[in-house]
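Participant: Residues per chain, in single letters:
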Amino acid sequence: MIHDFGVVWGERGLLLAGLGNTVLLSVLAAICALVLGALLSTVLMRQSKAPVLVARVFVDGLRCTPFLLFAYILYYGLPSLGINFDNWSASLTALIVYHTAYMAEILRSAWAAQPRAPIEAGMAFGYSGLGLFRRIVLPPLLLTAGPVVGNQMIQVIKDSAFLTVIALPELTHAASSIQSRHYVPFAAFIAAVLLYWALCLVIEAGVASVGRMAEARR
Amino acid sequence: MKRLDLPAVAGAPTLQLAGISKSFGSLKVLENISFDVARGETVCLLGPSGSGKSTLLRCINWLERPDGGRVLLDGLPVGISTGGVVMSDRELALMRTRIGMVFQHFALWPHLTVLQNVMEAPLHVQKRPKAEVVEEAQAMLRRVGLLEKQDVFPARLSGGQKQRVGIARALAMKPSLLLFDEPTSALDPELVGEVLAVMRDLARDGMTMVVVTHEMAFAREVASRVIFMDRGVVVESGTPEAFFNSPNTERAQQFLLRYVAAPAAPTP
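In the order they appear, the protein sequences are chains A and B. Residue numbering for the first sequence follows our numbering, beginning at 1 and increasing consecutively. Residue numbering for the second sequence follows our numbering, beginning at 1 and increasing consecutively.
Only chain B is shown next, with the shape it has when bound in the complex (with noise of 0.2 Å):
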């Protein structure tokens, strides 16, 4: 397989989406969602469980395949190409790698070690010259501060390790785009923070994010965009401040009152 190295549509925001919609059976999950992400945004997309946002997150690089709508990165289509066609696994497979992603049980590969693991795609899938990959994966696990771990088997590392391998992971295919699928949901509280310090850095260095997170002081923080989603609708979107200090709709402030204004449950 050769790396695909269309060039970007000048011009063109970093992603695209128009009218995704998505049903599972009778379920719809997804309506006539469209927003377009500009270069060096992050973007996080929040919501009620069960409001579509993860869903939307994978019908991005068609891990989930809409029903209709039109995905473009770069410019470029995602999934149906310029003609209408449904793209060959093939064809998807080489989008795909434009498109780094991040999941919420880490999904790190447990044959390979850590360095493996951030080398695997950049060696196999675009076909890099190894020098230069093991030199950048190196780089990278620097930057997730794991370096020292580059030759341990994901097996041996706490939740919030495999989380950093698996940002390196995603940072080594140098993508347009980063997506993150609620990536702190499956750590424990005390190891949240050094995954979403990590992310924070990526953001402050201009990487092009959209993030699925529970994490509310981090998307008031961070995110230079919310996109607020309940039962498979964009309600709401604007800047972190204007959402979280004065929400416009009804839904949004109860999904606020629960999430952020409510007393902290006591940890035991």
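Next up, chain A with everything else stripped away, as it sits in the complex (with noise of 0.2 Å):
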């Protein structure tokens, strides 16, 4: 056993290059999905039927949706529609996209449950528009939504691995080409948790802090 760790160790490059690639996957993703689905809650909140019909029908379609079919569909699916995706944009736009849904409701629901008098104030003091959302609504928004937000980023993460079936070079990937050359399973794939496991470390720490920050306003 010590063995197999030791040979998983000597293919260290390749498991870090896999981990680089999840990190950058990851990081673009989370911070793409939370600002659309920042922009996306603010149609969820508007007042006229129509665009919260279209904003409901999409969020709640992609959240009904399990992600690796979504992977599939955008890989494979559309280019019999005539759309090509490399595995790159196709890995970025499957997490972007279905992730934004789920902030895009995480959001909604922080915000419906805020106290209206601050947000109301906002607009006495004539904030409108884009400029409400950014200064009053959002930021206490951010503080109680932290710790679901940061969930979701680990989510983020996780969903990150099925990318390895449309060949993206991320860490699930590199651990199973390093089990497949070497006959390791075990040592290949718990390599690979601990890594996921460091990078949801990472993650609860930012999560801790929005916390703190939280904490001291409340």
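Please keep in mind that the hints were generated in silico from the structure rather than gathered at the bench.
Where chain B lies over chain A, by a calculated footprint (3+ residues, C-beta under 8 Å):
no.: 1; segment: 125-135
no.: 2; segment: 138-146
Here are the computed distance ranges between Cβ atoms for each label pair:
no.: 3; chain 1: A; residue 1: Leu16; chain 2: B; residue 2: Gly145; range: 54 to 64 Å
no.: 4; chain 1: A; residue 1: Ala208; chain 2: B; residue 2: Asp151; range: 18 to 28 Å
no.: 5; chain 1: B; residue 1: Arg70; chain 2: A; residue 2: Ala117; range: 20 to 30 Å
no.: 6; chain 1: A; residue 1: Ala216; chain 2: B; residue 2: Ser224; range: 35 to 45 Å
no.: 7; chain 1: B; residue 1: Gly145; chain 2: A; residue 2: Trp88; range: 52 to 62 Å
no.: 8; chain 1: A; residue 1: Gln47; chain 2: B; residue 2: Asp151; range: 31 to 41 Å
no.: 9; chain 1: A; residue 1: Gln155; chain 2: B; residue 2: Lys127; range: 35 to 45 Å
no.: 10; chain 1: B; residue 1: Arg204; chain 2: A; residue 2: Pro139; range: 33 to 43 Å
no.: 11; chain 1: B; residue 1: Ser21; chain 2: A; residue 2: Lys49; range: 19 to 29 Å
no.: 12; chain 1: A; residue 1: Val54; chain 2: B; residue 2: Lys127; range: 32 to 42 Å
We treat Cβ as the ideally placed atom computed from N, Cα and C, and that holds for glycine.
Each of the two chains sits in its own frame; use the hints to bring them together as a complex.
Facilitator: Set out below in structure tokens:
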């Protein structure tokens, strides 16, 4: 067994390259999904019915689609409609679009639970539109929804593992290659799990620091 | 967004309300309300709960959209432009920067410190230079006696302190008119005095204010004029002396009996 881990250590370059790609993919996707989700939550909170309905269908539709299936559709399905993605852009698009739906719903529900008065004060003091959202509505939302947003970011990292099926060289893909090349499945996959776990600890630390900021303001 | 510095129309009173009406469904809450507020006046809106005072106040800056009537601030239209078109959110927002508002439940921004609360709109809505805004915000906090709390978050303040920050925040906009929506109703009795004291100073310094309140002693002492409302109409208006000493209408007499003459309930 020790020997098996030694073999994995020998392939650490491959594993770390996979980790690098996972980090790159997850960070880009999480940031984009948070920004787009925030914008989409403003549509979900509108008064007029039609835009809300369209956004609602988008959000609920995606939340009920398994991520793996969604990635298959983008990479294998869309080319039959004449839309071609390489595996990087298919991967990024899949992660961003899919998690935008979740982020929007997370921020919408946190928003609905916010007291109305400070937002009204923002309007009375001359804020409107996106300025009102960015400076008055969003900051308290991010503070209260911090733990749930962090949870969703962990989900982004884990979903990125599915992208091995469209041959993206991320961490799970690297672990797979190592095990098939050297027949060390246990050691290779455990090494990958530990690295995923390390990434989640980083997110947890971020959530904790947002939590401390929220606590100071509560 | 650029600061709107349309000059006030010369000679116009600070606020003109003409024929303001408002219904919630089939319930008429305001019916044809008209009055002016001159520069430097403190007008107190009095009346029983549900008489429409707060709704009227919120119609002045269009937080509540009136069904009919016109609002003019410094002679300039609020909500509906001179051409009769309803203003865009952005146009309305620009007019609102000229009207300060103090809320019953304070409505401070919880993610910002006291100083940041006061600086927020002057800096990001009016886009005034930062050095000037900091200096003025601190001057406003000194005026309400809370400069030493400038780096504290609102959650750490008492109700009275929160409301004084609310007043400093409104003053920092350099508004033509200050609106107070029951500013002491959410406060513990022992904290009411510190807020009223600040408001009394503002009135003395010539700030133009419209105050919805149940503090009769305050209205009697500070108001230039009181307006008594009941069931969505102005029943009576006049100087505080005239209103409190010899009200003309029966409704006002009954109201005063209940709120002023009634022996104070023993406090536990």
